[in-house]
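There are 2 protein chains.
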Amino acid sequence: MKLATLKNGKRDGQLVVVSRDLRLCQAVPAIAATLQAALDDWDHAAPQLERVYAALNAGEAAGAQPFDEAACHSPLPRAYQWADGSAYINHVELVRKARNAEVPASFYTDPLMYQGGSDSFVGPRDPIYALSEEWGIDLEAEVAVVTGDVPMGAAPEVAARAIRLVMLVNDVSLRNLIPNELAKGFGFFQSKPASAFSPVAVTPDELGADWQDDKLRLPLNVDLNGKPFGRPNAGEDMTFSFAQLVAHAARTRELGAGTIIGSGTVSNKQGSLHGSSVENGGVGYCCLAEVRMYETIEGGAPKTPFLKFGDSVRIAMRDAAGNSIFGTIDQVVRHYGEKGQA
Amino acid sequence: MKLATLKNGKRDGQLVVVSRDLRLCQAVPAIAATLQAALDDWDHAAPQLERVYAALNAGEAAGAQPFDEAACHSPLPRAYQWADGSAYINHVELVRKARNAEVPASFYTDPLMYQGGSDSFVGPRDPIYALSEEWGIDLEAEVAVVTGDVPMGAAPEVAARAIRLVMLVNDVSLRNLIPNELAKGFGFFQSKPASAFSPVAVTPDELGADWQDDKLRLPLNVDLNGKPFGRPNAGEDMTFSFAQLVAHAARTRELGAGTIIGSGTVSNKQGSLHGSSVENGGVGYCCLAEVRMYETIEGGAPKTPFLKFGDSVRIAMRDAAGNSIFGTIDQVVRHYGEKGQA
Numbered sequence: 001m002k003l004a005t006l007k008n009g010k011r012d013g014q015l016v017v018v019s020r021d022l023r024l025c026q027a028v029p030a031i032a033a034t035l036q037a038a039l040d041d042w043d044h045a046a047p048q049l050e051r052v053y054a055a056l057n058a059g060e061a062a063g064a065q066p067f068d069e070a071a072c073h074s075p076l077p078r079a080y081q082w083a084d085g086s087a088y089i090n091h092v093e094l095v096r097k098a099r100n101a102e103v104p105a106s107f108y109t110d111p112l113m114y115q116g117g118s119d120s121f122v123g124p125r126d127p128i129y130a131l132s133e134e135w136g137i138d139l140e141a142e143v144a145v146v147t148g149d150v151p152m153g154a155a156p157e158v159a160a161r162a163i164r165l166v167m168l169v170n171d172v173s174l175r176n177l178i179p180n181e182l183a184k185g186f187g188f189f190q191s192k193p194a195s196a197f198s199p200v201a202v203t204p205d206e207l208g209a210d211w212q213d214d215k216l217r218l219p220l221n222v223d224l225n226g227k228p229f230g231r232p233n234a235g236e237d238m239t240f241s242f243a244q245l246v247a248h249a250a251r252t253r254e255l256g257a258g259t260i261i262g263s264g265t266v267s268n269k270q271g272s273l274h275g276s277s278v279e280n281g282g283v284g285y286c287c288l289a290e291v292r293m294y295e296t297i298e299g300g301a302p303k304t305p306f307l308k309f310g311d312s313v314r315i316a317m318r319d320a321a322g323n324s325i326f327g328t329i330d331q332v333v334r335h336y337g338e339k340g341q342a
Numbered sequence: 001m002k003l004a005t006l007k008n009g010k011r012d013g014q015l016v017v018v019s020r021d022l023r024l025c026q027a028v029p030a031i032a033a034t035l036q037a038a039l040d041d042w043d044h045a046a047p048q049l050e051r052v053y054a055a056l057n058a059g060e061a062a063g064a065q066p067f068d069e070a071a072c073h074s075p076l077p078r079a080y081q082w083a084d085g086s087a088y089i090n091h092v093e094l095v096r097k098a099r100n101a102e103v104p105a106s107f108y109t110d111p112l113m114y115q116g117g118s119d120s121f122v123g124p125r126d127p128i129y130a131l132s133e134e135w136g137i138d139l140e141a142e143v144a145v146v147t148g149d150v151p152m153g154a155a156p157e158v159a160a161r162a163i164r165l166v167m168l169v170n171d172v173s174l175r176n177l178i179p180n181e182l183a184k185g186f187g188f189f190q191s192k193p194a195s196a197f198s199p200v201a202v203t204p205d206e207l208g209a210d211w212q213d214d215k216l217r218l219p220l221n222v223d224l225n226g227k228p229f230g231r232p233n234a235g236e237d238m239t240f241s242f243a244q245l246v247a248h249a250a251r252t253r254e255l256g257a258g259t260i261i262g263s264g265t266v267s268n269k270q271g272s273l274h275g276s277s278v279e280n281g282g283v284g285y286c287c288l289a290e291v292r293m294y295e296t297i298e299g300g301a302p303k304t305p306f307l308k309f310g311d312s313v314r315i316a317m318r319d320a321a322g323n324s325i326f327g328t329i330d331q332v333v334r335h336y337g338e339k340g341q342a
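Top line first, the protein sequences correspond to chains G and X. Position 36 of the first sequence, counted from 1, bears residue number 36 in the UniProt record's numbering, the numbering being contiguous throughout. Position 189 of the second sequence, counted from 1, bears residue number 189 in the UniProt record's numbering, the numbering being contiguous throughout.
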């Protein structure tokens with residue numbers, strides 16, 4: 001089934017069930033007012049939500065309303081946990097290669113993961129706010145899962161069964177702040193502002209054969225200022241599955257229901273800068289840092305700038321029939337001073 | 001005023017107002033069912049909660065019940081953000097000195113802060129669960145604040161006004177996992193399991209003159225297996241105030257109501273190992289790592305072991321009259337396999 005959260009002036013918004021074709025939705029206050037409430041009591045809520053979903057798809061839902069992606073907040077407008085992996089090692093290999101460093105062997109068996117801020121996500125159509133372009137604003141197009149409760153030390157098989165929902169995410173990074181933050185050794189902190197998630201979150205069964213071995217085997221569509229920028233397949237070159245990432249997160253602690261675990265920037269192995277961009281027949285990139293690394297490896301220095309105020313980012317995914325699965329993340333970079341002045 | 005959360009079988013527990021002397025409490029479902037709900041609507045809820053607090057202290061609260069610290073969860077059993085600073089640079093200086101490294105000059109002006117897991121805190125009397133003693137289980141006794149909404153780029157003066165509550169925390173660390181995690185560059189992730197907070201959270205005004213310049217100027221009492229282990233003053237040698245720490249967290253992103261910001265391990269400057277322990281007339285330590293660093297500096301290697309299953313940790317703070325302000329964190333280290341078998 002498909003779920004979304006409509007903005008309603010409250011911090012957690014209103015949970016709605018969305019039809020498979022993203023045309024209709026229905027509020028379900030009698031089942032759960034918010035997505036977190038549904039996740040807190042999933043075994044009880046999910047079968048009821050599934051019945052509403054079936055009725056919506058059959059055109060038999062009495063309370064159906066038109067679904068408007070632009071009215072959505074992120075499915076979880078705020079969450080109790082957002083931990084982001086770095087499962088596409090190609091991305092890490094490029095970072096290292098750009099500075100002539102080796103990738104440690106352990107990186108292929110022990111996932112990289114950082115704890116992110118989850119107190120105030122932005123909506124999929126909200127601006128990316130920053131106080132300065134000098135921060136080096138970059139997109140990162142990723143896939144993420146939402147879990148139920150996971151016990152400490154859960155094996156990947158146990159973790160796999162705790163995956164409740166799948167969604168897309170733009171994990172914005174402030175590239176020029178990262179070196180100083182990482183040098184301090186405590187993680188990305190100031191270099192990771194608020195993320196935005198796709199309008200719709202879907203259960204893994206909804207993805208059919210495209211959800212295989214706990215990976216989502218479809219191309220991720222990333223457009224930059226209206227032009228194709230990335231089309232990599234999220235199921236290729238993913239060194240760690242979502243089951244492995246969730247198990248990694250739970251190694252020394254329980255995970256609470258509503259925990260979001262990200263894949264890290266989707267990245268497919270490509271031979272070189274020439275031929276890697278969509279324009280040149282490649283699958284392109286899911287972040288500007290990656291094209292800048294290719295440029296550095298081939299030309300000694302990056303050429304492509306980071307995002308400027310006014311730049312736009314679109315992230316979506318289509319099934320084999322060409323239908324949007326999660327709706328579209330569509331954000332424009334704005335100065336934070338403009339917030340509330342619209 | 002003083003607030004606490006009683007365990008009631010639900011994930012967020014039940015908010016109660018607690019009398020100043022910690023003897024009485026009253027549930028306030030008509031004002032706010034949970035502490036997060038009160039924080040979400042603080043300007044509306046706080047004056048009503050204050051009236052209940054005044055009635056409790058005057059012995060005039062109709063619904064007053066005995067307050068039992070052992071029935072408490074952490075004030076926020078789960079939170080949307082937990083970010084922990086490292087404001088007592090003495091602790092960092094010792095770490096570096098133990099490995100013959102310099103403290104970078106920037107550390108005195110740019111706070112260290114990491115993003116912690118906030119999805120499932122444990123209660124103040126709950127066990128510290130781990131799967132192995134080999135993880136190097138350590139306590140970290142700290143002070144923490146809970147904020148309201150904070151705008152991006154807030155100055156320290158603005159951040160100060162957003163501090164809603166003060167509490168104590170045991171930020172458990174898995175010392176033997178830290179080197180590998182920090183070497184990966186993405187922060188502490190697996191080396192920071194669930195934290196526990198004091199039974200009671202208090203508004204800054206409740207602390208009177210002991211809350212000065214956004215620091216809490218009282219000794220923190222830490223006992224290990226029933227013996228005094230630390231008595232450092234939390235207001236001394238704190239390089240960054242809570243206003244500065246909150247502003248640091250908000251530099252590139254908004255903070256949502258209910259954000260918890262920690263001080264880092266409280267640590268006072270002391271001359272040497274001899275004379276620094278409580279037994280030898282010093283103020284002692286708030287974590288085992290610190291005494292091990294003194295031992296390393298003076299003797300070439302640590303002698304004091306990390307926590308073993310069965311070890312106990314108590315953390316509390318008393319006002320000038322000797323009264324407990326926050327109640328007591330009192331935890332025993334247990335194997336996670338014992339959970340649910342009590």
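Since the hints were derived computationally from the structure, they do not count as laboratory data. Be careful, since some hints might not be right.
The list makes no distinction among identical chains, and a pair is therefore deemed to hold if it is satisfied within one copy or across any two copies.
[What the hints assert, rightly or not] Cross-link-like lysine to any residue pairs, in silico, SDA-like; alpha carbons within 25 Å at most:
hint	residue 1	residue 2
1	K10	T34
2	K339	D149
3	K184	R96
4	K339	P156
5	K7	W42
6	K10	V158
7	K308	D330
8	K10	G340
9	K97	N180
10	K97	L182
11	K10	D40
12	K10	L24
13	K10	L218
14	K269	F107
15	K339	R231
16	K184	S241
17	K184	P156
18	K184	P219
19	K184	A98
20	K339	A155
21	K339	P47
22	K339	N57
23	K7	T34
24	K339	P151
25	K303	L131
26	K308	A321
Fair warning: this is a prediction, and the values are worked out from it, not measured in the lab.
Hint numbers not upheld by this structure, sorted from lowest to highest: 13, 15, 18, 21, 22, 26
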